[in-house]
Each structure stands twice: as structure tokens, then as C-alpha cells.
Amino acid sequence: MTRRSFVACLFAVVALCAMALFSAPPASAKDKPLKVAAVYTVPVEQQWVSRIHIALKAAEARGDITYKFSENVANTDYERVMREYAEQGSDLIFGEAFAVEKAARKVAADYPKIAFVLGSSFGPEKPNLSVFDNYIQEPAYLTGMVAGKLTKSNKIGMVGGYPIPEVNRLMNAFMAGAKEVNPDVKFSISFIGSWYDPPKAKEAAFAMIDRGADVMYAERFGVSDAAKERGVKAIGNVIDTSKDYPGTVVASALWHMEPTVDYAIKQVLADKYQAENVGPMSEMKSGGASLAPLDPAVVPKDVADLVMAKEKAIKDGSFKVAVDDKEPKPTM
Amino acid sequence: MSELFDMLTAAAFWAAAIRIATPLIFGTLGELICERAGVLNLGIEGIFTAGAMSGWMTVYFGGDLWLGVLVAALVGAGFGLLHAILTVPLGLSQHVTGLGITLLATSASYFTYRIAFPNVSSPPRIEPFQPISIPGLSDIPFIGPALFQQTPLTYFAVLLVVMVAYVMARTPLGLAIRASGENPAAVDAQGLSVYGLRIGAVMAGSALMAIGGAFLTLSAFNAFFFEMIAGRGWICIALVVFASWMPGKALLGALLFGAFDALQVRLQQTVGGAIPYQIFLMLPYLLSILALVMMSRRAAYPNALMIPFIKGQRS
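Residue numbers (my numbering), protein chains in the order written: chain E, 1 to 332; chain Z, 1 to 315.
Extracted from the complex, chain Z is given alone in its bound form (with noise of 0.2 Å):
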């Protein structure tokens, strides 16, 4: 017992679990604004991938990493707007074109992948993000080496955190997006075009997990490898329903998530010995689960989610 209180209390655990979470953070935010303009958004683990592979080649021939992460945003931004055309205006399943965004995505990141690399026998490394320390608030103890020596990404996913709140929840665009997801028709009557909102708010969604995937291959590793994502896209949606579509809770399910699988790392080798390792690989996902169905009781989701809106339909 007196392990798992060291273990919980070391700088470098809380480290790794940010470490962990920050990819959920991109991805869980994204899938959150998809959502509050009423687009479920199920290409998420394709665009991660999308997001991870063009990141890492526009660095790797040559590109500034930071560039890396907005060729990112806008491979994701594209296959957002992919996903936008066929699930808004002309109101497809959003489920299914989720999903084919998936397939398409992943595919045609492997493909480009191999195509620009067709005899490679060990994967193409770059020079990631390096660890920042911030001046000052480095050197406070504990809180410094867990929280202030992180990669440039994962601040600017806890920066973008306050701003996709701060939008959401104050200012008039946060408000018709918001609206668009809950009543469409109440915005069509404003005079704005649900469309545009929807569509907007799909395309900026997906460039927010693609740069979780870029994180992975920029910051997280340095090469691409083939299913790095392994089900990352995933977790986010299920965090978008334990944050109640809430970008602060969006926040603390990402690292609860990370602090579970960290925690699992440990756990394993310091009793692995006496319990199959199944059991801690599957515990960050259990006890998400718990939380999930501890949450999500009084979650209160986007009313027009999923319902495709049709202009001067009478219901």
C-alpha cells in the first residue's frame, strides 16, 4: 500500500500521465465541438492517423515542426470537411461516413506512406519536440517536474483547452454553434447558416485530432509507424460522454485516462509477477468505464445530435 502512495506521488508519474492524456486532449476537444454543433464525428481514429503521417513526412522532407503540425490541421481539416459535406448537407448516416472516414484516412496514410517510402527496412526517425522547462515554474517542487517540463504540445493543449471553453461558453459563435447542435432551427431563424456552422465546426474539430495524432509522431516518438494509434480515436469519444460535452471535464477525463494507464505501467512491474499483464493493460479502459457510467448518469447530450438538419423541414 505504502508503494501505491509513493507510486501516486512522484513527479514523474503525473509526468507520464500528462504525457499520456495530451493526445486524448486534442482528440477528446476536437470530437467535442463536432458534437456540440450536432455532427457525431467517428473519423476521429483515421484522422489521427492522417494527422500523425502528414505531420511527421512534412517534417522528415524538410518542414519545421511546427509546420509539421499545420500541415497537420489541415489534412484533418480536409477530410472534416469530407466528413461535413456528406453528413450536413446531404444528411448521410453519420455513423457510416464516420467509420468509411476511418478506413479512408487510415488507408490512405499508409498508402502515401509507402508510396514515399517503398524500401525502408527500419522507419525514418526526425528530431521531435524537445521537453521545455518554463523558467520560474520549473523549480517548484513536485508541481515543476510533473506539470512545467512537458513538450511544447502539451501546453498548448492545456492553452487550448481555456479557449475552446472560453468560445464555447462566451462568445456569440460558441453560442450558435452551441445552438446548432441543440436547435438548428432556432439558428436558421437567427438568420445564420446551420451549415456553415455545422460544417465550420466539423473541419476546426478535425484539425484538432489530427494534431493529436501529429503530437504522437512529433513529439510523443519520431517516426510514423503503421497502427501507432492503436485505438486512441477511440478513448476520445467515450471521454466526450464522461465530460458531458463539457471542454473543462474534456480536460480531466483525458488525464484521469492518462493517469490510469500510467499507473498501470507501474503497477505491472512491481506485482506483475503474481497477476497476468492482461489484467493491467485492460485496467485503464475498466476503470474508464467505471467513471463513464458514474458520469455520464445526468450527461445531458447535444439534442440535435446526430439529426440531420433539412432547411424549411416542418417536423
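Next comes chain E alone, as it looks inside the complex (with noise of 0.2 Å):
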């Protein structure tokens, strides 16, 4: 064979597998176990990320889906490792689009035969791309209220990652809470610039409480920590630590992933699925979110009357807890 020919056989060889690729005929009816697949910009024990890896585990144990997933995937690497999935044939493929939006987007719409639900700030594009985000703002509203009820100081300290949406609509949410009870309280607010630096949100709840703050809204990891040297106490966000700091969480605002998975993979097993905004599946009143058990040794009875009060006002929507998504500012 010459090497002319050789080539042109190799061409053609190429052409035919792109071809039989591309054309492949889409399995429309699907069948149990679905593929999933997620990709993670952050490892799985993260807060926000546990939340979908957890409810993705549930429905793998109960044999409605395989799940593989990519977990602290780099920004730079996000479009690259969400196609090897999508070529590997997923069925549904979760992930985070937040810092990748465009991409995210371009690789859903090159597959348009996949379900993808990312996380996103933003809204669903036809056919195949739903988004979800973390609308606890109503739980955030209770612990607020807590919060409010419990500080003697008036001083309530927060201490954040970024001033993100997601972040930001748990704050002002759970200052409104604390506000509605308690017009006095005053709030301390601070971002690290960091989602993973446990020793840096330490020392700014040590700060925040050495300027008198009772009180500690805990949205990273290593706040709670400072709270229980200091013997304050500690307000909870999207995972229930209450176990690990008895006596020093008092409240947590919690999201639970599992209402927005398993309609997922309802509605693409029934071929069903299409693309939507499913962020509303993450509320209170479709089980996305909930008040985790109030401590009874530190909330007073009269205040867990009052939250369960609001909680029910809530749940039958006669009360609203508005979405604010603006950077929250400091007040004390």
C-alpha cells in the first residue's frame, strides 16, 4: 500500500466513524438505570455541592440511575470534562454553570438529545437546558428570626465567601428575618474572597465577635468553629452541623436537592423532560428547603412558637420572602 492510499484509507476510515458517531439514531423511551452524570467545580464535601451529590447518591442506592461524576473540575476544564460525559452517552448530566455560563450552554446545545440541569443564575434554554439555584431565602427568613430572638447585644456577625446571588439572597433573607423581630439588631459583615479558607473565616468571626457580636450567621466553614471557642452562638446554611457544635448552631436554614433530582429523572424516564426554570422545586412547600429541629435548650419555647408560626404562614403562602439578590451592607 502506498502511503497516498494509506492516508486516504485512514480519511475514510475517520469519516465513516464520524459518521456512524453522529447519525447514531437517539433512544427516545429510556429505561431504568439512567445515566447520570455531574460535573463539580468544587470537591463534594462543599456546603452547596454535597447538596446535589447527596440526593444524586439517594437515587443511585434506590437503582433509578447510575451516577458518575467529576468533582473540583476547573473553570478552564468545565466545557472540556461535561462533553467527555455527553459523548460517553449520560441521559442527564447535573452540574454548576455559574462561573462557565457560555460554555455550559454551548456544549447543552450541542447535545440537544441530553437533559442538563445546572445550577445557574440565569434562566432555561429550549430544548434541554433547566436550572436550578438554592432558594432557601424562606428557612434563611426563620433562622433570621431566631437569630433576632436570641442575640442580647444587638450584634449579629456575618461572614461570607462572595457576595454572589446565592449568597446574597440567604443573607438579606435572614437579616429580614432578624430585623422583623428585633428592629434593634445591628449586622457585621464580611467576605473572605474565598470559598475554602476554614482559618480565614475564623478570623473574621473572632473579630466580628470581639466587637460584641452574639450571634454568628455561618455561611462558610470555620465560623461555627470561632463561635464555639468564643461560647457564642452559631446560625447553620444549606447542611445541618448542629451535631457537630450541640449547643453552639442553634438554626439552620437547610436545601435538600432531592425534590428537583428525582423530578429530573422522573421526567426524562417518562421522556417527558424539558427545558425549565426548576429553581421553585429548592422552596419550602416542595420540600427543597426546611428549618432544621430548633435546639430546645437554647430556643425559648415562646420563639420556636413564633418561627413555627411563620413557617406554617409561609407554607400556605400568605407570607412571602422576597428575593434579594443585592450585595448586603454592613450596619454596625
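Since the hints were derived computationally from the structure, they do not count as laboratory data.
Covered stretches of chain E, going by a simulated chain Z footprint (3 or more residues, C-beta under 8 Å):
#1 181 to 191
#2 201 to 215
#3 234 to 246
To give an idea of the interface, some chain Z residues facing chain E are shown, with a C-beta separation under 10 Å as derived from the structure:
#4 A15
#5 R125
#6 F215
#7 N222
#8 E227
#9 M228
From the derived model, a few chain Z residues whose C-beta atoms are all more than 10 Å from chain E:
#10 L90
#11 L104
#12 F129
#13 I140
#14 F156
#15 V158
#16 Q190
#17 Y195
#18 L255
#19 I289
#20 L290
#21 A291
#22 R297
Just so it is clear, the structure is predicted and the values come from calculations on it, not from any experiment.
All C-beta atoms, glycine included, are put in the ideal place defined by N, C-alpha and C.
Assembling the complex is the task here: the two chains are given apart, and the hints tell you how they should meet.
In C-alpha cells:
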């Protein structure tokens, strides 16, 4: 075989493979287990991502899906990893598009047969990209009420990672809740410019406690540790850490991704999946958000009753917590 | 203005500055020893991570806290040995090798962590070092709460500054290490092994860096997180220049950075409403650059820094 004919053969083979790949008939009706993949920019221990991971693990344990994931994927690598999962024939791909909106949306458009459910601050995109987010401002508001009642110095400290909508909306709801029950309360706020620097978060919290804060809003790991060391109270966020800090973490606003994940799986299995905003699935009435049980040793009964009444009002729709994504400002 | 004065004169402020400075003291000393022997060690960020992970894991699996520190030091020395073999006898680029060590050590740490903990949803915790009060000294007003209510590793760090300064300036070993960073041919002419001295110095320095990392997981916090070193290693590289390769000034530089960072946190909480928070986060770095510019004009770096020594080679 001459070199030229060898090259020609090679081209023909490659072209055939490519044609086979792109013209493969899409599987319409899907059977269990669904092939699900997830791409995370942080490790699965991270509070936010752990909620998605746990929900998918549960679905895997039920036998609904097979689950593959990549964690700690750099934003610059995100598109490549998404494409790899798409090429491996996933039916449903979860991810977080916050820092890679353009690239992620491009990948979704390139694979219209695959369902993409991504955390995003923007809207859904037809035909296959649904969006979700941590809309847990309702329990955040309730924890704010607890904090407003528990503070004796009327000073509440809040330490966050970055002021992005996902953080801001919970902080704002928390502050609104605290102000409702205690108009005199003042807030000290810092952002540490990192998702993962507990020693730094701890230092920021220590500084607030030194200035008189006696309830700490623990948006990041490290804040509850500072609260525990100095004997003040802390309010948890997204995950329930009250078992690790008994007597310190007195109330937590929890996020549950199970309703969102289970809904997406169900839709894909039934071949009814379409692009939509599944954000409301993270609200209290859908079971996507909840208030962790209040510690009766620390939270007085009348406060707990007040909070429970408000929770009821939220659930029946008579009280609405505003979604405010603006950067919160300190007031002390 | 009076508020700023109150801030700077609070014992809690200086206690925080020293806490923040502790890992930097270890790292800067470690880097200083390496560079004094003529080897730039850019593996520092990765060695910090490896120390943080291995020290913490030792304690998590039942080891004593001090055993954790020891294991971290050994792991650090191991990576130091790798760096030294590649850069000293083999004479490879110290920049490239160092960055390679950082990538290797960081990834190996995450990999080991994930192999050991494939299924956790919240990082496992240990019981960390507790602050120790030194009887008598801790009761002195202001100075007591600022200086003498720290965790044992902080006292160790300060002790180490004195030890390193003494060894470097007053002992034959220190002289030999310094000479191998200034004029290795002279060391060789004395019948001493330049390779031996440089490899030893890089291993010792890397061990200290790893202890700096272990401080973060065994003392400043109680769990290992991905990316928790957050650039602290790189700061140490700059601090060595700031310190003009002198251990005493290294302590000063680390404390200065710690103070800037502690100040930043407090300023953000007082006047944060008016100015974007990023300005405050930038402050310690900005002030450090300023200090670096002022201090390093007269800095004389070791003459043979980054120049591989080849026995018998004539220049």
C-alpha cells in the first residue's frame, strides 16, 4: 500500500466513524437505570455541592440511575469534562454553570438529546437546559428570626465567601427575619474572598465576636468553630452541622436537592423532559428547603412558636419572603 | 481615626496577627534555608498542602498531635529530597522543578484524601491543639493575651526563628550552608560536599514548610480542605526577599503580613459599607508589595542562588 492510499484509507475510516457517531439514532424511551453524570467545580464536601451529590447518591441507591461524577474541575476544564460525559452517552447531566455560563450553554446546545440540569443565575434554554439554584431564602428568614430573638448585644456577625446572588439572597432574607422580630439589631458583614479558607473565616468571625457580636451567621466553614471557642451562638446554612457543634449551632436553613433531582429523573424516564426553571423545587412548599429542628435547650418555647407560626404562613402562601440578590451591607 | 487606634492597641488584634503569621513563619524560614543553600524551592505551596493533609490524617487515624507534626515534617522532607535530587545533582531548572513539585504534591494530597475518604459529605474533624497559657507571662496586661495565649506550634515557630538564626550565623554548619549558596566552589575546595549540604538544606527547609501546612489543619482549624492553603506558600517566597534572607527579618515580615491581614478583617467590618470589600482583601498584599519595594532595594540575594554546581567545572 502506498503512503497516499494509506492516508486516503485512514481518512475514510475516520469519516465513517464520525458519521456513525453523529447519525446514531437517539434512544427515545429510556429505561432504568438512567445514566447520570455530574460535574462539580469544588470537592463534594463543599456545602452547596454536597446537596446535589447526596441527592444523586440516594437515587443511585434506589437503582434509578447510575451515577458518575467529576469534582474539583477547574472552570477552564469544565467544558471539556461536560463534553466527555456527553460523548459517553449520558442521559442526564447535572452541574453548576455559574462561572462557565457561556461554555456550558454551548455544550448543552451541541447535545440536544441529553438533559442538562445546571445551577445557574440565569434562565432555562430550550430544548434541553433546565436551571436550579439554592432558593432557600424562606428557612433563612426563619433562622434570622431565631437570631434576632437570641442576640443580647443586638449585634449579629455574618461571614461569607463571595457576595454572589446565591449567598446574598440568603443573607438578605436572614437579615430581614432578624429585623422583623428585633428592629434594633445591627449587622457586621465580611467576605473572605474564598470558598475554602476556614482559618481565614475563623479570623473574621473572631474579630466580629471581639466587637460584640453574640450570634454568628455561618455561611462558611470555620465560623461555627470560632463561635464554639468563644461561647457564642451560630446559625447554620445549607447543611445541618448542629451535631458537630451541639449548643453552638442553634438553627440552620437547609437545602434539599432531592425534589429537583427526582423530578428531573422522572421526567427523563417518562420522556417528558423539557427545559424549565426548576428553582421553585428548592422552596419550602416543594420540600426543597427546610428549617433544621431548633435546639430546645437554647431556643425558648415562645421563640420557637413564633418561628413555627411563620413557617406555617410561608407554607400556606400567606407570607412571602422576598428574593433579594443585592450585596448586603453592614450596619454597625 | 480613634477607632483605628483602638483597633491597633487591642490585645486581640495582635493575638490574631500572630495566629495568621504562624504558618508564614514556618514557610518563610523553610524557604530561607533552601535559598541560603542556593536552591529556590517553588514546591512550597504543594509542600504546605502535603503537610496539611498528612499531619491531619495521621491525627485522624489515631495518632498524637505531635506525631502528626512529625509525619508532616517527614512528608515535607520527602518532597524536598525529590526537589533536591532533580535540581542539585541533576542541575535541572529550579523554577520548573519547583512548580512541578507543587502540582505533584497538591494533587497527590487530594488523591490520598479521596482514596481514604471516598464517601464523606462533610469534612471529618479532629481535636486540634488548644491555646496554652504560660503561667506568669499570660497574666501580664496586654502582652499576656496577645503573645502568651497561643497554641504550642506558634511558640515552636518563634523558637525556631531563634534556632535557625543561631545555626545560620554562629555554627560551622550554618557557615557551610551559607557558603554553598554564595560560593559552592569554595565549599568544595574545603573538602565539604556541596550536594550533601544543598540536599540537606532543601530537605530541612521543606520539612518546615510542611509543618506550616500542618499548623493550618492541626491548630488553626481541625479539618483538611481542598485548596485551603490559598496561596500562603507564595507569600513566603516574597517574604524571604523582604527579609533579605535573614531569619529575624523573616519573623518581622510574617508578623507584618499577619497584622495587615488582621487589620483588613477589622476594617472591612467597620467601614465595609462604604468601600467594596475587595479593596480590603487586597490590602495586605498591597501593603506587602510596598514593604517589599522599600526593604528589598538593599537586599543582596545569595550569589549562587539558582546556579547548579558541577564539580570540577571551570567557569
